[in-house]
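Q: Read top to bottom, the protein sequences are chains A and B. For the record, in the first sequence the residue sitting at position 98 is 98 according to the numbering used here, with numbers rising by one throughout. For the record, in the second sequence the residue sitting at position 269 is 384 according to the numbering used here, with numbers rising by one throughout.
In short, the hints are calculated from the structure, not lab data. We treat Cβ as the ideally placed atom computed from N, Cα and C, and that holds for glycine. There's no promise every hint is true.
Stated by the list, open to error - With the Cβ distance kept under 8 Å, some of the chain B side facing chain A (calculated, not the full set):
hint, residue
1, Ala129
2, Glu139
3, Leu142
4, Arg143
5, His148
6, Ala158
7, Phe161
8, Asp162
9, Arg163
10, Asp176
11, Ala187
12, Leu374
What the hints assert, rightly or not - In silico EDC-like links for lysine to aspartate or glutamate, alpha-carbon gap of 16 Å or less:
hint, chain 1, residue 1, chain 2, residue 2
13, A, Lys52, B, Asp350
14, A, Lys93, A, Glu74
15, A, Lys52, B, Asp176
16, A, Lys98, A, Glu40
17, A, Lys52, A, Glu40
18, A, Lys93, A, Asp20
19, A, Lys93, A, Asp66
20, A, Lys52, A, Asp20
21, A, Lys52, B, Glu172
Unchecked claim - Here are some chain B residues pointing at chain A (derived, C-beta under 7 Å):
hint, residue
22, Glu144
23, Ala147
24, Asp151
25, Phe174
26, Gly175
27, Arg178
28, Met184
29, Glu195
30, Leu261
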Amino acid sequence: MWGMARREKYSGELLKGSMDCLLLALIGREPMYGYQLIREVERQSRGYLQFKEGTLYPALHRLEQDGFIQGRWERLPNGQERRYYSLTEEGEKALQAKARTWKSFAAAVNMVLRG
Amino acid sequence: MSLELDRFLQHLRASLHLDAADAEPVLREINAHLEDRVADLQAQGFDRASAERLAIERFGDVRQVAREMCEAHQRPTWREALLAACPHGLVVLFFALGLSRNFPLLALAFAAITVVTFLFWRRGRPQWIYPWAGYSLFPLLVVLRLAVREVPNGFDSWLDAETSLQTGAETVALAVLFPLSWWAVVRVILEAARRDWLLASLMMLPMAVLSGWLLLLAPYGGYLWASPEDVAQFDPLMARMMLAVAVVVAVFFRFGARLLRFALLCGVALVSLAIINPIAEPGTGPAGLALRAVVLLGLLASPALLLLLLDGGPGSLWPPRGQSSGRAPA
């Protein structure tokens with residue numbers, strides 16, 4: 001139980017550190033809204049990665065303030081409103097840079113683990 | 116929208132410390148998220164009430180969300196930070212050039228600051244306007260100080276039939292202006308605090324530091340009554356002090372964490388006290404110094420305290436913790 005809690009905490013910290021990269025990658029594929037992003041990250045990681053719901057929106061708004069993504073409201077036929085985010089040109093560049101950093105980091109960690 | 120979701124969003128709104136124009140889309144978006152989550156949970160078999168409670172619980176601590184959202188939105192640029200430091204820079208100039216008793220120039224400067232404050236207070240109230248608003252209160256504080264000193268003497272002389280008609284009229288004017296000025300000062304502080312008590316504390320910072328200056332001038336009869344030479348001897352010290360305030364205000368705007376920002380304000384006020392107090396009152400013991408420090412910190416915390424006192428309960432500062440969890444369907 002204790003080991004499990006430690007592992008969850010560790011993966012939570014890792015997830016927080018890579019949140020921007022994951023969000024940019026998902027939004028880069030197609031415009032998405034917040035709830036959809038939560039479900040997608042969970043689905044595509046087969047349940048391993050789960051965003052804390054409340055922390056997603058500050059992260060999205062921060063990325064928007066930085067000019068990496070752009071939000072626009074859309075009204076569904078049932079009257080419900082959703083805010084879809086799409087990647088900006090600057091966001092594309094940021095995604096490529098973050099993905100490069102992540103791959104180098106993961107490769108370096110793997111090299112050490114393999115010994 | 117149900118009462119539970121509505122209450123959650125109200126708590127979030129109260130904690131956001133954003134302009135209505137920024138807060139509304141945030142609340143709309145989070146409401147849409149919660150409605151989506153509730154619909155999903157209902158599809159899994161939860162009843163509406165349980166689904167709402169669970170959705171709120173999964174969303175997380177409202178205070179943390181609000182804090183992170185504020186940090187995402189309230190990241191002023193260096194340009195805005197410099198705008199916030201501008202009125203302090205102006206005061207530095209007055210001290211550095213030995214103009215601290217030049218009443219016509221001071222009146223002009225305060226009039227300009229008040230006009231800028233009035234214009235931008237009405238146009239979305241950007242964060243950098245709060246230090247300007249602090250200085251706009253100074254003329255009112257001068258009226259309060261004058262009234263406290265002059266009105267009792269004026270009425271005494273009046274009763275003794277020693278006063279001229281003009282002095283009598285001035286006494287009555289001050290007596291009328293006294294409650295009006297108090298009302299205006301409290302109203303501005305409260306309005307600022309309702310937007311964000313931290314920005315209201317920032318607004319109070321020059322008062323906290325300049326109160327030390329008044330302490331220096333007290334043995335000479337006080338600022339308004341001391342000779343220009345007596346006032347001028349402290350100008351170089353105050354110029355350096357206010358320069359430090361200007362730098363701290365600019366840095367304040369670039370910090371993210373709210374507690375760190377408040378600590379920064381308290382720090383500069385306490386340092387100013389530590390520098391001024393030994394000069395103004397060398398005989399003050401540790402207990403007296405500690406008491407002064409408490410009063411100073413109380414002044415900076417007064418917007419938050421006022422909010423608690425008038426708007427009632429800790430909910431006016433922070434939303435209550437803890438949302439009950441949902442029940443699994445049978």
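Q: Work down the list of hints and note, for each, if the structure agrees.
A: Right, here's what the structure says about each hint:
Using the Cβ-Cβ criterion of 8 Å, the hint placing Ala129(B) at the interface with chain A is not satisfied: the shortest such distance is roughly 16 Å. A hinted interface residue such as Glu139(B) counts as satisfied when its beta carbon comes closer than 8 Å to some beta carbon of chain A; here the least separation is about 11 Å, so the hint is violated. Because the closest C-beta pair between Leu142(B) and chain A is about 11 Å apart, greater than 8 Å, the hint is violated. Taking 8 Å as the C-beta cut-off, the interface hint given for Arg143(B) holds, the closest approach to chain A being about 6 Å.
About 5 Å separates the beta-carbon of His148(B) from the nearest beta-carbon of chain A, less than 8 Å, and the hint is met. Here the hint on Ala158(B) is broken, as its CB sits about 13 Å from the closest CB of chain A, past 8 Å. A distance limit of 8 Å between C-beta atoms decides the matter here; for Phe161(B) the minimum to chain A is near 16 Å, and the interface restraint is violated. Hint status for Asp162(B) relative to chain A: violated, with the closest Cβ pair at about 21 Å, above 8 Å.
Because the smallest distance between the Cβ of Arg163(B) and any Cβ of chain A comes to about 16 Å, over 8 Å, the interface hint for this residue is violated. Annotation: interface hint on Asp176(B) holds; nearest CB of chain A at approximately 7 Å, less than 8 Å. Look at Ala187(B): its Cβ gets to within about 4 Å of chain A, closer than 8 Å, so that hint holds up. At about 17 Å, the closest approach between the beta carbon of Leu374(B) and any beta carbon in chain A exceeds 8 Å, and the interface hint on this residue is violated.
Between Lys52(A) and Asp350(B), the direct Cα distance comes to roughly 54 Å. Violation of the 16 Å bound is thereby established for this hinted pair. For the given pair, Lys93(A) sits about 26 Å from Glu74(A) by alpha-carbon distance, which is inconsistent with the 16 Å threshold. A hinted pair counts as satisfied when its Cα atoms are at most 16 Å apart, and Lys52(A) with Asp176(B) qualifies at roughly 10 Å. Of the supplied pair hints, the one linking Lys98(A) and Glu40(A) is violated, its CA atoms being roughly 20 Å apart against a limit of 16 Å.
Only pairs whose Cα atoms come within 16 Å are accepted, and Lys52(A) paired with Glu40(A) is accepted, the gap being roughly 13 Å. Distance hint between Lys93(A) and Asp20(A) is fulfilled; the C-alpha atoms sit about 13 Å from each other, no more than 16 Å. For the suggested pair Lys93(A) and Asp66(A), the alpha carbons sit about 13 Å apart, so the restraint of at most 16 Å is met. Simply put, Lys52(A) and Asp20(A) have alpha-carbon atoms about 13 Å apart, close enough for the 16 Å limit, and the pair holds.
At most 16 Å may separate the alpha-carbon atoms for a hinted pair to count; Lys52(A) and Glu172(B) meet this at roughly 11 Å. Proximity of Glu144(B) to chain A holds as hinted, the smallest CB-CB distance being about 5 Å (cut-off 7 Å). Among the interface hints, the one on Ala147(B) holds; its C-beta lies about 6 Å from the nearest C-beta in chain A, closer than the 7 Å criterion. The interface hint given for Asp151(B) holds, since its Cβ lies 4 Å from the closest Cβ of chain A, which is under the 7 Å cut-off.
A hinted interface residue such as Phe174(B) counts as satisfied when its beta carbon comes closer than 7 Å to some beta carbon of chain A; here the least separation is about 5 Å, so the hint holds. A distance limit of 7 Å between C-beta atoms decides the matter here; for Gly175(B) the minimum to chain A is near 3 Å, and the interface restraint holds. About 10 Å separates the beta-carbon of Arg178(B) from the nearest beta-carbon of chain A, more than 7 Å, and the hint is not met. A distance limit of 7 Å between C-beta atoms decides the matter here; for Met184(B) the minimum to chain A is near 5 Å, and the interface restraint holds.
With a cut of 7 Å, the hint placing Glu195(B) at the interface with chain A is violated, because the nearest CB-to-CB distance is about 13 Å. The interface hint given for Leu261(B) is violated, since its Cβ lies 46 Å from the closest Cβ of chain A, which is over the 7 Å cut-off.
Hints 1, 2, 3, 6, 7, 8, 9, 12, 13, 14, 16, 27, 29 and 30, counting from the list given before, are not met by this structure.
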